[in-house]
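Model the full assembly from the supplied sequences, consistent with the hints where possible.
Line by line, the protein sequences are chains A and B. Heads up, the first sequence is in numbering that gives the first Met the number 0, so the first residue is 0 and it goes up one at a time. Heads up, the second sequence is in numbering that gives the first Met the number 0, so the first residue is 0 and it goes up one at a time.
The set of hints was computed from the structure by calculation and includes no laboratory data. It should be emphasised that the depicted structure is a prediction, and the values quoted were computed from it without experimental measurement. Where is the CB? At the ideal position from N, CA and C, for every residue including glycine. Check before you lean on any hint, since a few could be wrong.
Unchecked claim - To be clear about the criterion: a stretch of chain B counts as covered by chain A if any three or more of its residues have a C-beta under 8 Å from a C-beta of chain A, and this derived list gives those stretches:
1) 22–29
2) 114–127
Claimed, not checked - Quick list of simulated restraints, FRET-style, between CB atoms:
3) B:D10 to A:Q183: 31 to 37 Å
4) B:F43 to A:Q259: 27 to 33 Å
5) B:F43 to A:R186: 55 to 61 Å
6) B:D10 to A:N184: 20 to 26 Å
7) A:K156 to B:P253: 49 to 55 Å
8) B:W180 to A:D65: 40 to 46 Å
9) B:W180 to A:F52: 46 to 52 Å
10) A:G153 to B:P253: 30 to 36 Å
As the list claims (entries may be wrong) - If you want the ones that stay clear, here's a sample from chain B, every Cβ over 12 Å from chain A, calculated:
11) F59
12) M60
13) R61
14) F63
15) I66
16) E221
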Amino acid sequence: MAAGSKLWKRDTQAAWLFLLPSLVLFTMFIAIPVIAAFMISFTEWDLFNPMKFVGFGNYTELFNDDIFKKVMGNTAYFVLASVPLQMAFGLAIALVLNRNIKGQTFFRIAYFLPVVTSTVAAALVWSWLFNSNFGIINALLLSFGVTDPPKWLGSTKWAMPAVIVVSVWQNVGYAMVLFLAGLQNIRTDIYDAAALDSARGWKRLWFITLPMLSPTTFFVLIISIIGSFQVFELVFIMTKAGPANATNTLVYYIYQNGFQFYQMGYASAAAMVLFAIVLVATLIQYRMQDRWVHYG
Amino acid sequence: MARHARKTRTDWVLFVVLLVGTFATCGPFAWMLATSIKPGNEVFVFPPTLLTGQPQLNNFMRIFDTIPFGRSLVNSLIVCLSITLAQLVVCSMAAYAFACLTFRGREALFLVYLAALMVPSQVTLIPNFILVRNLGWIDTYQGMILPFAFSSFGTFLLRQYFMTIPRELLEAARLDGCKHWRIYLWIVLPLSRPALGALAIFAFVSQWNNFLWPLIVTTRPEMQTVTVALSTLQGQYNTDWPLLMTGSVLAVAPVLIVFILGNRAFIAGLTGGGFGGR
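Here is the structure:
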């Protein structure tokens, strides 16, 4: 017993030494900043003049702010359009690749390329593709007989769809590899049993593959939602939130208020809204992962 | 027999569909490259030429003259390699404590680290900016590196891997009087090469593509990373598409080349080494 407790003590000392670097960095750049962000959200502060405590002032202002309402609407539009699209394409490609189709490795690389591409560079190329005067997309549309192609990034109606297209393009590959991993985890004996019951084709997909895949689907859903709420670079490069705030989204609004208008309190309050959304999504994922799932 | 024929036909149809999809995913890269070798005025021709009649590398010289783009490539390399190395050291040390040592508060601290996964980086952005500014670290490498030197994700990833190392091995080493730092250095790390590789790839790529943080902590062009330099370039030459595409080619090429060479390890790394993380 005495020897045991001595060993325990030695372990404890070593453990804290091993933890020291991470603890210092974690406290300095994550723990304290989270608390600080929360506190700053109750103040009015432009970095230069003294901080002023305003209670829930920023939050009430936020919920009466017409631009913020627009921003939240835009963000919802972006999330609701890009998440289902990237998941549907990702799943479809994964299902096809899972048939051990010819050129599987090639396709996997080709569809994953956009994932490893810097979003800034991707946004630049797509701005060029969507260019309304000299871009290749409108050139193609014209050659297909569309007489008045959209002005894309210059149009309040078409700017957001253009941003969504790029986001889907960039994230399909990620959904695809996650779905592929999920598909490869489904036990083959279940398919053998299904074959005995003569379940094939669409029936097999609908009644066996998709239900067995539900934990993966749910995981991809939550990851995609969290990621989509954080869209920033695409907006920054492609539209600078314009035209007329048509593509202003939550993180861009945080950036704008913090680093262009120097309203640190107001920006922090908006950041807390983002935090709340991500927290809820993660907690739902955490609670649900033990339920309604069918581990193979 | 009939079913087999139908299956092959379906596979062929799907193959063609996938090939068409490949044009959609790879087309923008081709267009990026095609534009980067065009003479400056050829992009204002309508309809656009697919491949220029006068391919030239002039834009690749021009870009290094207009802004310190070469410097920004070096900056990105320095920052990304430092962060990757720091994460490997810091996270593996923490993971060793969580996976191989017993101490009071282990589970609680691990939960706290895990909880940090739920914090979006934009939430800590403003306080971290204020901290770095007060430390006088604007326009410095440490200001870009240190806030990312620790990663909850990395710690979690490595801890999961360290847990799979047979306990008997570590206990035997302990009984032989081996100290912890030696077990960590000579047993645990060498056995965990796949997980360390996955973390290295993940860290390097996400930092190479990181934008918002280097954007707000750099003001001088000489300190900008590649992504920030690209956005500066866009601000100054917003209709010079050949130049902008040249910058994009230079920004994505290093990562894409490494990806195509080592795609298996790469995808494993970016999807959390198959542990289902992100």
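Evaluation of the provided hints:
1. Here the stretch 22–29 of chain B counts 5 residues with a CB under 8 Å from a CB of chain A, which clears the bar of 3, and the coverage holds.
2. Taking a C-beta to C-beta cut-off of 8 Å, the stretch 114–127 of chain B contributes 12 residues in contact with chain A, enough for the three needed, and the coverage statement holds.
3. For the pair D10 of chain B and Q183 of chain A, the beta carbons lie near 19 Å from each other, so the given range of 31 to 37 Å is not met.
4. Checked against the hint of 27 to 33 Å, the C-beta distance between F43 of chain B and Q259 of chain A comes to roughly 32 Å, which is consistent with it.
5. Take F43 of chain B and R186 of chain A: their Cβ atoms lie about 58 Å apart, and the range 55 to 61 Å holds.
6. Remark: the range hint 20 to 26 Å for D10 of chain B to N184 of chain A is upheld by a beta-carbon distance near 23 Å.
7. Roughly 38 Å separates the CB atoms of K156 of chain A and P253 of chain B, a value that falls outside the hinted 49 to 55 Å.
8. In this structure the hint that W180 of chain B and D65 of chain A lie 40 to 46 Å apart at CB is violated, the actual value being about 59 Å.
9. For W180 of chain B and F52 of chain A, the hinted distance range of 46 to 52 Å is satisfied, since their beta carbons lie about 48 Å from each other.
10. G153 of chain A and P253 of chain B have their C-beta atoms about 33 Å apart, which keeps the hinted 30 to 36 Å range intact.
11. At roughly 15 Å from the closest C-beta of chain A, the C-beta of F59 of chain B stays outside 12 Å, upholding its exclusion from the interface.
12. Look at M60 of chain B: its CB is around 20 Å from the nearest CB on chain A, clear of 12 Å, so calling it non-interface holds up.
13. With a least beta-carbon separation of about 16 Å from chain A, R61 of chain B lies farther than 12 Å from that chain, consistent with its non-interface assignment.
14. With a cut of 12 Å on Cβ distances, F63 of chain B stays outside the contact zone with chain A, its closest approach being about 17 Å.
15. Separation of I66 of chain B from chain A is adequate, the least Cβ-Cβ distance of about 14 Å exceeding the 12 Å criterion.
16. No Cβ of chain A approaches the Cβ of E221 of chain B within 12 Å, the least distance being about 19 Å, so the stated non-interface status holds.
Violated hints for the displayed structure, listed by number in ascending order: 3, 7, 8.
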